[in-house]
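Enquirer: Given the coordinates of chain A, work out where chain B should sit on it, guided by the hints.
Chains A and B are the protein sequences, given in the same order.
In terms of my numbering, the first sequence opens at residue 1 and continues consecutively.
In terms of my numbering, the second sequence opens at residue 1 and continues consecutively.
Don't read these hints as lab results, they were simulated from the structure.
Glycine included, C-beta positions come from ideal geometry on N, C-alpha and C.
Errors might be hidden in some of the hints.
Covered by chain B, according to a simulated footprint, are these stretches of chain A (three or more residues, beta-carbon under 8 Å) [stated by the list, open to error]: (1) 102 to 115; (2) 205 to 215.
List time: in silico DSS-like cross-link candidates among lysine-lysine, alpha-carbon distance up to 27 Å [to be verified]: (3) A:Lys-88 - B:Lys-252; (4) A:Lys-88 - A:Lys-102; (5) B:Lys-7 - A:Lys-88.
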Amino acid sequence: MHILKTFFITIKYHIAGIFIYLGIFIALLVFFTQNDNGQPPKAFTATQLDILIQDEDHTVLSQSLYDFLESRHRVEKGASSREDVIDKLYWHTIDYSLRIPKGFQADLLSGRNKDLVENTKLPESATGYWADAQIEQYLTLLNSYLAGGYSPEDAARLSLETSEKEARINMASASAAENNSTIVSFYHYLVYILISLVTTGLGQVLITFRQRELDIRFRCSPCPASRRSLFLALGGLLFSVACWLLCMMLGVVLFPKSVFTITNLLYMINSLVFLLFVMSLTLLISFLTENFNILQALTNISGLTLSFLGGVFVPQEFMNETILRFSRLLPSYWYIKAMDLISSSALTSHQYQEYLSCLGIQVLFAAAVLAGAMVVSKYQKIQ
Amino acid sequence: MFFHILKYRLIQLFHSRNILIWIFIFPLILGSLFYMGFGNMIIDNGNDFQSIPIAVVGQGQGNPILDEVIQSLSQGDSPMFDVTRTKEANAQKLLQKDKVDGILYEAPEPYLTVNRNDLNQSILYSFLSQYIQQAEVITRIAENHPENLEAAVSQLRSDAGYNKEVSMTRSKNTNNLTQYFYALIAMICLYGGQIGMDTLITLHPQLSSHAARKSIAPVHKLKMIAADLTASVMVNYLSVLILIFYITQILKINLGDRLVLLLLASLAGSLIGVSIGIFFGSLPHLESNTKEGFLMGFTMFCCFLGGLIVQNMPSIVEEHAPVINQINPAYLLSDCFYVLNIYQDTARWCRNVISLLILTVLFSLAAYLLIRQKTQGSSQKGE
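Just chain A, same shape as in the assembly:
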């Protein structure tokens, strides 16, 4: 028990570093989940863009165009500097900027229909493409009513009315992936956080226990080496499971509605299996260095590598094919693949088998890394 006690005293000494990672995790989660109500969409609602409109004409027709866009999008009115527009577009604060120059109505009435308004958008962006299409469509309606012999006031009114005639659209049941997007993000980021928490905390304790002077003191104590290893392993297990439980409790607080479901249970099992790999990895890393700074570097590099290449930060579907082929050599790839299987739809028996295979592969990775750690340890003893 003395060893276990010393283990946790050492953990306490390094607790600040552990809390920094936990803080980052909470900040990321809160940031990414604040705009999501977690409810699946029941009816279709068109995407709303953020559009900046600068109306310099102030006429019935320019107001009509403004009203049309305002009825569909989030519109910000008023003049903005060129610098401001560029920054807002780059940071996606706005998706589109429209300028209605003076003389717009006069030009339209005189039959001119080329370059009547000016827009700025991100080159070739999908949002820009859509806004272009809508504005073009509305001005076509307006111009058609004018050509049809209506006054500007009537054309403006009728165009707005006509633009409200919309196609029938049915909403099929949303895919499970969309339903659970925030809790899926939570389990995705868990990969990086588990690696950071366990490797930082447990790694530092293991390195401390292996320090030469402490090791010599242990050797001359009546406690056999096997007992020391056993208690260290028990301490490591307790600490790792405690980190995992802490994250799960965070999940309960953040997603109380999604926690008590079969899907969440499968997510939890998946993360618990991944924890085995993280523990093995920590053991291996602790054998590679005795320097806390280098441990920190290795923790960051392994955590970021497994996260970026496994599809934690960016969905696997957006990743390059060649990179994905390499990613199969990483357990995080199989962790995310298992997550995707659970979240894509209700599991069929075939998919369930596939899910179990993903868990099995992660266990094999854990075993392989553990074996690697044993080899390194043996080699160091010989040295």
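Expert: Leaving out everything else, chain B in the frame of chain A:
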């Protein structure tokens, strides 16, 4: 003597494993991970418009006019739609598996089925609504102004081009994922703080035995300080140059074509990085581990606000507390790189570089005052 000290300080820095890992190797790994993790989004720009995959289900007699429109919109170099004509059951399967963004039922009155509220579904919805709205315009004009029907129809069919695009940016690379690379270069500049702190420790006799030995050498103090600080900036700047070369030449990320200004901003970055390290190193009454912790925390916090973890963080800060951006060296640096790539003029680049130089002077001055105070305090104690 200046060059002699400089040479040995450089050798000493290049022998530090800690510095080699954090300053030279870690950024290259992180840059590669960004590149591999973002996959095709960093190359193709994730916001670019891509053809929308749809399933078209013909019913009854079909709809020849709509058929013709869909046909014309699914041809050419960058077609609007990627059409799969199929039976309803298969279309439903494709939708469920997210292989298509929507199902378009052609007749008798066209309608859509989608399974989520995204941009592509909105574009699809807008397209079909346009078809219905044009029919409405024709009906209305045929009823009220049949004499103008021909003119109205010709307006509806004309490809007018009412909306003119005005480009405001210098480069076509408006992909804001590039922000991660700007922030990475900024981070490495600020990592110069580790070298700066190490340099201070080797210069200040009260902080290390090495410095105590150096202090009794028959060399002018200013010469020694100048040589050591030059070496620190040189090593940090070298790592920044390697990183810029790697990002632009190996990863082929477009950082713009103003290389000289980019390198000048990076040099200002190395100066501020080293000066921050000197400032933290000179903080009184703290262990060197604690100082390192503070320095790392400060650096990472600045980088977080500068967009290293969440790329649009600078825009969020700009909206809520713009003053923080003006004093955050990581933001000032990444904004320098952004401005060079996007803006035509360099006024903002100049403002940022001047702010960085002012901050460098302030940090150095603060460090000088702290060290002076400590030295005076020590000598008074000695007396």
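Enquirer: So, for every hint listed, does it hold in this structure?
Expert: Hints, verified against the model:
no.	hint	verdict
1	102 to 115	holds (count 3)
2	205 to 215	violated (count 0)
3	A:Lys-88 - B:Lys-252	holds (26 Å)
4	A:Lys-88 - A:Lys-102	holds (24 Å)
5	B:Lys-7 - A:Lys-88	violated (48 Å)
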